[in-house]
Amino acid sequence: MLYDKIKTLYPQLTDKDFMTVITLQNDSDGKGDYIAKWEHPTLARPTEEQLNAV
Amino acid sequence: MAGQIKVDSINADSNLALKIANTAVAFIDSSGLRPTSGNVSLDATATSKLYLPSANTVAIQTAGVTGLSISSSQVVTLANALPVTSGGTGVTTSTGTGAVVLGTSPVLTTPALGTPSALVLTNATGLPQAGLGTNVAGNGPAFSAYPSAGTSTPNNTSTKILFQTEEFDTNNNFASSTFTPTVAGYYQINAAIGPPTFTSGYHFASIYKNGSVYKYGQLGYVASSINGQVVVSSLVYCNGTTDYIEIYWYQSSGGTITCQAGGGPGTWFNGAMVRSA
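Read top to bottom, the protein sequences are chains D and E. With this note's numbering applied, the first sequence corresponds to residues 1 to 54, in that order. With this note's numbering applied, the second sequence corresponds to residues 1 to 277, in that order.
Errors might be hidden in some of the hints.
[As the list claims (entries may be wrong)] Here are the simulated DMTMM-like pairs of lysine to aspartate or glutamate, each with C-alpha atoms no more than 20 Å apart in a straight line:
(1) LYS209/E <-> ASP33/D
(2) LYS215/E <-> ASP243/E
(3) LYS31/D <-> ASP15/D
(4) LYS215/E <-> GLU49/D
(5) LYS31/D <-> GLU49/D
(6) LYS31/D <-> ASP4/D
(7) LYS16/D <-> ASP33/D
(8) LYS215/E <-> ASP27/D
(9) LYS37/D <-> ASP17/D
(10) LYS209/E <-> ASP15/D
(11) LYS5/D <-> ASP17/D
(12) LYS209/E <-> ASP27/D
(13) LYS31/D <-> ASP17/D
(14) LYS7/D <-> GLU39/D
(15) LYS7/D <-> ASP33/D
[Unchecked claim] Label-pair ranges, simulated between beta-carbon atoms:
(16) THR242/E <-> THR47/D: 27 to 35 Å
(17) ALA36/D <-> SER105/E: 53 to 61 Å
(18) ASN172/E <-> PRO11/D: 47 to 55 Å
(19) SER212/E <-> ALA44/D: 49 to 57 Å
(20) ALA36/D <-> ASN135/E: 21 to 29 Å
The hints are simulated quantities; they were obtained by calculation from the structure and are not laboratory data. Note that beta-carbon positions come from the ideal geometry of N, C-alpha and C, so glycine has one too.
Whole structure, please, built from the sequences with the hints as guidance.
Written as structure tokens, this is what we have:
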């Protein structure tokens, strides 16, 4: 799951972060989860390479 | 005596016969002047006139029935309407007052149409609310659907809920779990998502418009497992061409949850147009 990978990269993220500054989304179209919004004030949006490495 | 014809006697039929070249052309009897043959003609010069005493009426009769008459007050009366094929209107009665209305671009002033058997109002405007009949509702698009198979929603991931079964879809605007109305207007959109059991965490449903969140529903935090629903409801404007509506569910239970499916009341998505654009 994308959420699990991001939590591995940034363990300090909370559920509140995923309801406010970060939006993970799945359009149920078979393409899986993706980052729809990343507006975290201090943590950088993870790259594809970082996510694939997890 | 100059200027007069003096008749000393009349014949046995009490007629005065007029002859030209020894041929009878008319006679006068007690009913008046009667031509023997041909037409009664007037002088064709512009100054020629037919004068009648003011109290009299010119009348043309056929078989004793008056078809046309002109009174001394210049009122022309036809026994029957002049037909269209003769250049008339075929009109036999009239109502109202004012000018005669012709077929192209007429201007009608306060017309009372009565109860027409058919009336097309494609370009009509200004129909007041009070002009609607009792119990009249709009006939804009309306739909309702529910999932035949539950959608699995990962933790902390807004996921589009699939509604594979339609209960009704009046304008064929619902497909692929997406409502795309083809009539511009304001739509009341409602949805509920019922997990088999809510586990601890945040849960809320969202209305998505054109792929982005438009309205969040109730945000609820569940401390322990319970049964229930998350709901969302809002008025949404749709342009009738490209705007589309979807329902997403967010939950942070810590794992994946699959929403309820089937025709039960737990999970559903419906909407209807409540006002035109």
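A quick look at each hint next to the structure:
1. LYS209/E <-> ASP33/D: 19 Å, holds
2. LYS215/E <-> ASP243/E: Within the cut-off at roughly 15 Å; holds.
3. LYS31/D <-> ASP15/D: 24 Å, violated
4. LYS215/E <-> GLU49/D: This hinted pair is violated, its Cα atoms lying about 33 Å apart.
5. LYS31/D <-> GLU49/D: 18 Å, holds
6. LYS31/D <-> ASP4/D: The given pair, whose Cα atoms are some 17 Å apart, holds under the 20 Å limit.
7. LYS16/D <-> ASP33/D: 19 Å, holds
8. LYS215/E <-> ASP27/D: 17 Å, holds
9. LYS37/D <-> ASP17/D: 11 Å, holds
10. LYS209/E <-> ASP15/D: 24 Å, violated
11. LYS5/D <-> ASP17/D: At roughly 15 Å apart (the allowed maximum being 20 Å), ASP17/D and LYS5/D satisfy the hint.
12. LYS209/E <-> ASP27/D: 13 Å, holds
13. LYS31/D <-> ASP17/D: 24 Å, violated
14. LYS7/D <-> GLU39/D: 16 Å, holds
15. LYS7/D <-> ASP33/D: Judged against 20 Å, a Cα distance of about 14 Å means the pair holds.
16. THR242/E <-> THR47/D: 27 to 35 Å: 33 Å, holds
17. ALA36/D <-> SER105/E: 53 to 61 Å: Hint holds: Cβ distance 56 Å, inside 53 to 61 Å.
18. ASN172/E <-> PRO11/D: 47 to 55 Å: 49 Å Cβ-Cβ, so the 47 to 55 Å window holds.
19. SER212/E <-> ALA44/D: 49 to 57 Å: 23 Å, violated
20. ALA36/D <-> ASN135/E: 21 to 29 Å: The hint (21 to 29 Å, Cβ to Cβ) is violated, given that ALA36/D and ASN135/E are roughly 45 Å apart.
Violated hints, listed in ascending order, are 3, 4, 10, 13, 19 and 20; each of the other numbered hints is respected by the structure.
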